[in-house]
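> Chains A and B, in that order, give the protein sequences.
Per the working numbering, the very first residue in the first sequence carries number 1; after that it's consecutive.
Per the working numbering, the very first residue in the second sequence carries number 397; after that it's consecutive.
If you're looking for bench data, these hints aren't it; they were derived computationally from the structure.
Owing to the predicted nature of the structure, the values given are computational and were not obtained by experimental measurement.
Every residue, glycine too, gets a C-beta built ideally from N, C-alpha and C.
Don't take every hint at face value.
Said to hold, decoys possible - What follows is a set of in silico ranges between Cβ atoms, one per label pair, in the way DEER data are often shown:
no., chain 1, residue 1, chain 2, residue 2, range
1, A, K202, B, K404, 29 to 39 Å
2, A, E156, B, K404, 27 to 37 Å
3, B, M397, A, L31, 44 to 54 Å
4, B, F513, A, D127, 54 to 64 Å
5, B, S472, A, E107, 48 to 58 Å
6, B, A494, A, D357, 28 to 38 Å
7, B, K404, A, E374, 17 to 27 Å
8, A, Q12, B, Q410, 43 to 53 Å
9, A, P337, B, F513, 27 to 37 Å
10, A, Q310, B, G490, 16 to 26 Å
11, A, D357, B, M407, 45 to 55 Å
12, B, M407, A, T18, 51 to 61 Å
13, A, K381, B, Q410, 26 to 36 Å
To be verified - Below are the EDC-like pairs computed for lysine to aspartate or glutamate, each with C-alpha atoms no more than 20 Å apart in a straight line:
no., chain 1, residue 1, chain 2, residue 2
14, B, K408, A, D308
15, B, K448, A, E374
16, A, K381, A, D359
17, A, K366, A, E273
18, A, K82, A, E108
19, B, K408, A, E363
20, B, K408, A, E273
21, A, K381, B, E511
22, B, K408, A, E374
23, A, K381, B, D416
Residues per chain are reported as follows:
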Amino acid sequence: MDCAATTPVSKQVFDAMTPYFCENFGNANSLHSYGRDAAASLNTAREKIASLLGANSTEVYFTSGGVECLNWALKGIAHAKKDKGKHIITSAFEHHAHIKACKTLEEEGFEVTYLPVYEDGVVKSSDVEKAITEKTILISIMLANNEIGTIQPIEEISQIAKKHKIPLHTDAVQAVGTLDINVKNLGVDLMSISAHKFYGPKGIGVLFIRNGLKINKLIEGGFQERSMRGGTSNVAHAVGMAKALEDAIAGQEKNVAHIKKLSSYLNKRILAEIPHTTLVGHKTRRVPQINNFCFDFIEAESILFRLDMQGVCASSGSACASGSLEPSHVLMSLGIPIERAQGSMRFSINKNLSMKDIDQAVEIIKEVVADLREMSPLYPKDQTLFKEIKRNEKSV
Amino acid sequence: MYNEKVLKEFMKPQNIGSIDNATTVAEVGSPQCGDMTKLYLKIENNIITDAKFQTFGCAAAIATSSVGTRMLIGKSTDEAKKITNKDIINELGGLPPAKIHCSVMFEEVMQKALENF
Numbered sequence: 001m002d003c004a005a006t007t008p009v010s011k012q013v014f015d016a017m018t019p020y021f022c023e024n025f026g027n028a029n030s031l032h033s034y035g036r037d038a039a040a041s042l043n044t045a046r047e048k049i050a051s052l053l054g055a056n057s058t059e060v061y062f063t064s065g066g067v068e069c070l071n072w073a074l075k076g077i078a079h080a081k082k083d084k085g086k087h088i089i090t091s092a093f094e095h096h097a098h099i100k101a102c103k104t105l106e107e108e109g110f111e112v113t114y115l116p117v118y119e120d121g122v123v124k125s126s127d128v129e130k131a132i133t134e135k136t137i138l139i140s141i142m143l144a145n146n147e148i149g150t151i152q153p154i155e156e157i158s159q160i161a162k163k164h165k166i167p168l169h170t171d172a173v174q175a176v177g178t179l180d181i182n183v184k185n186l187g188v189d190l191m192s193i194s195a196h197k198f199y200g201p202k203g204i205g206v207l208f209i210r211n212g213l214k215i216n217k218l219i220e221g222g223f224q225e226r227s228m229r230g231g232t233s234n235v236a237h238a239v240g241m242a243k244a245l246e247d248a249i250a251g252q253e254k255n256v257a258h259i260k261k262l263s264s265y266l267n268k269r270i271l272a273e274i275p276h277t278t279l280v281g282h283k284t285r286r287v288p289q290i291n292n293f294c295f296d297f298i299e300a301e302s303i304l305f306r307l308d309m310q311g312v313c314a315s316s317g318s319a320c321a322s323g324s325l326e327p328s329h330v331l332m333s334l335g336i337p338i339e340r341a342q343g344s345m346r347f348s349i350n351k352n353l354s355m356k357d358i359d360q361a362v363e364i365i366k367e368v369v370a371d372l373r374e375m376s377p378l379y380p381k382d383q384t385l386f387k388e389i390k391r392n393e394k395s396v
Numbered sequence: 397m398y399n400e401k402v403l404k405e406f407m408k409p410q411n412i413g414s415i416d417n418a419t420t421v422a423e424v425g426s427p428q429c430g431d432m433t434k435l436y437l438k439i440e441n442n443i444i445t446d447a448k449f450q451t452f453g454c455a456a457a458i459a460t461s462s463v464g465t466r467m468l469i470g471k472s473t474d475e476a477k478k479i480t481n482k483d484i485i486n487e488l489g490g491l492p493p494a495k496i497h498c499s500v501m502f503e504e505v506m507q508k509a510l511e512n513f
């Protein structure tokens with residue numbers, strides 16, 4: 001239950017990619033027939049992706065994945081527009097790569113406003129408008145959060161960005177196959193997506209850059225990607241990504257209905273059958289595949305390993321699990337107390353799971369949580385005492 | 397990241413719980429830090445006859461508590477005072493560098509319990 005981390009390459013995608021490794025292996029920049037064939041396949045993949053995103057094929061740039069897209073969008077726009085101003089607006093709970101790129105820009109002298117996301121994990125579009133100054137050169141807000149799944153009001157923010165003539169980027173990495181990612185409907189100027197999150201291969205992503213938008217290169221090199229991104233074109237992966245995106249959008253309605261059913265069942269059972277558990281973020285404004293729970297009194301790394309030993313794979317943003325001293329910046333940005341955030345687990349549901357899988361997983365989760373609580377010095381064995389503490393907390 | 401021995405100890409830890417008439421009890425760490433251990437010792441004629449723990453923390457914290465309590469039982473208080481975090485790590489066949497602090501936490505709680513006594 002960790003499809004938000006990555007997904008397997010589907011058989012259909014794998015089959016579409018296979019000819020491009022040993023047979024049609026040409027360099028898309030070569031002038032001979034092998035090269036021309038590769039260039040044609042790359043072009044077809046680009047056109048397919050463009051039409052699926054509601055974009056022009058000259059607006060689709062292949063990259064090495066989501067992290068490169070985010071770095072390029074931020075640094076590319078910042079450096080291209082620094083003469084106009086040095087202010088960027090974003091949210092406090094963007095992907096790590098995004099936050100780190102912002103920190104680097106701050107070191108270079110840019111000013112970054114990290115908007116609050118409140119308890120429900122949703123940016124307020126009115127906050128975006130309030131943060132705009134004459135020096136604002138970019139607004140970048142994710143479409144769906146990768147740890148808690150909450151959906152951001154990109155269409156509303158787009159109206160504001162348009163009014164103030166500020167380019168808008170969205171990180172849609174977790175939204176493909178679940179939300180509408182048509183760039184016209186969203187009204188964005190830049191958008192990042194990554195193939196391995198939707199049954200495509202790892203190591204390829206697309207940055208949509210609206211035609212006419214001034215942006216600097218991130219990776220210097222040859223004439224690939226309309227001279228905007230150097231490096232030999234990864235034709236096999238581009239073909240795979242196009243097929244994966246096609247399948248993700250074609251199956252979207254059916255998959256979302258299925259995942260929603262599984263997700264609401266999982267939520268209902270976990271919250272009803274495991275006491276002292278909370279669902280992180282907005283209850284409904286979320287992509288159904290990402291569900292993040294805080295299990296009080298226990299630490300998530302130990303939950304993760306125990307679940308893994310019993311065949312349930314999940315992930316965690318707790319300090320121990322992430323190898324840092326603090327729980328994830330996402331959980332902290334929602335104002336979750338640190339001790340509660342230590343017990344945060346993300347279960348992301350892929351389209352291939354069944355109700356039976358969820359039932360099995362819930363039984364294992366229940367057992368693991370109960371066992372670890374039994375070991376915890378924080379877990380009040382006497383539940384009447386716990387109620388007493390709760391009452392006192394409320395009266396304070 | 398963890399070796400087989402650590403995982404085995406973590407999956408089936410021994411000496412979990414509390415001792416009602418413990419001779420000494422100590423607590424180290426906090427939930428904010430992500431690690432917390434409470435150690436209960438029963439000491440009779442300077443010999444640790446029983447040791448139990450309650451731990452909030454990662455797999456390494458639980459494994460070190462389990463091994464640590466096992467190492468304590470049967471030892472005299474003087475012998476117990478000589479146990480270091482390195483001894484616990486050796487007993488576990490090694491810990492990842494980022495998890496060494498878990499063994500330090502057990503050494504601290506053990507020393508604190510013996511000091512309180």
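> Determine for every hint whether it applies to the structure shown.
Structure-based check of all given hints:
no. : hint                          : in the structure
1   : K202(A) / K404(B): 29 to 39 Å : holds, 32 Å
2   : E156(A) / K404(B): 27 to 37 Å : violated, 53 Å
3   : M397(B) / L31(A): 44 to 54 Å  : holds, 49 Å
4   : F513(B) / D127(A): 54 to 64 Å : holds, 56 Å
5   : S472(B) / E107(A): 48 to 58 Å : holds, 57 Å
6   : A494(B) / D357(A): 28 to 38 Å : holds, 32 Å
7   : K404(B) / E374(A): 17 to 27 Å : holds, 19 Å
8   : Q12(A) / Q410(B): 43 to 53 Å  : holds, 50 Å
9   : P337(A) / F513(B): 27 to 37 Å : holds, 34 Å
10  : Q310(A) / G490(B): 16 to 26 Å : holds, 25 Å
11  : D357(A) / M407(B): 45 to 55 Å : violated, 22 Å
12  : M407(B) / T18(A): 51 to 61 Å  : violated, 41 Å
13  : K381(A) / Q410(B): 26 to 36 Å : violated, 19 Å
14  : K408(B) / D308(A)             : holds, 15 Å
15  : K448(B) / E374(A)             : holds, 13 Å
16  : K381(A) / D359(A)             : violated, 27 Å
17  : K366(A) / E273(A)             : holds, 8 Å
18  : K82(A) / E108(A)              : holds, 11 Å
19  : K408(B) / E363(A)             : holds, 19 Å
20  : K408(B) / E273(A)             : violated, 24 Å
21  : K381(A) / E511(B)             : violated, 28 Å
22  : K408(B) / E374(A)             : holds, 13 Å
23  : K381(A) / D416(B)             : holds, 14 Å
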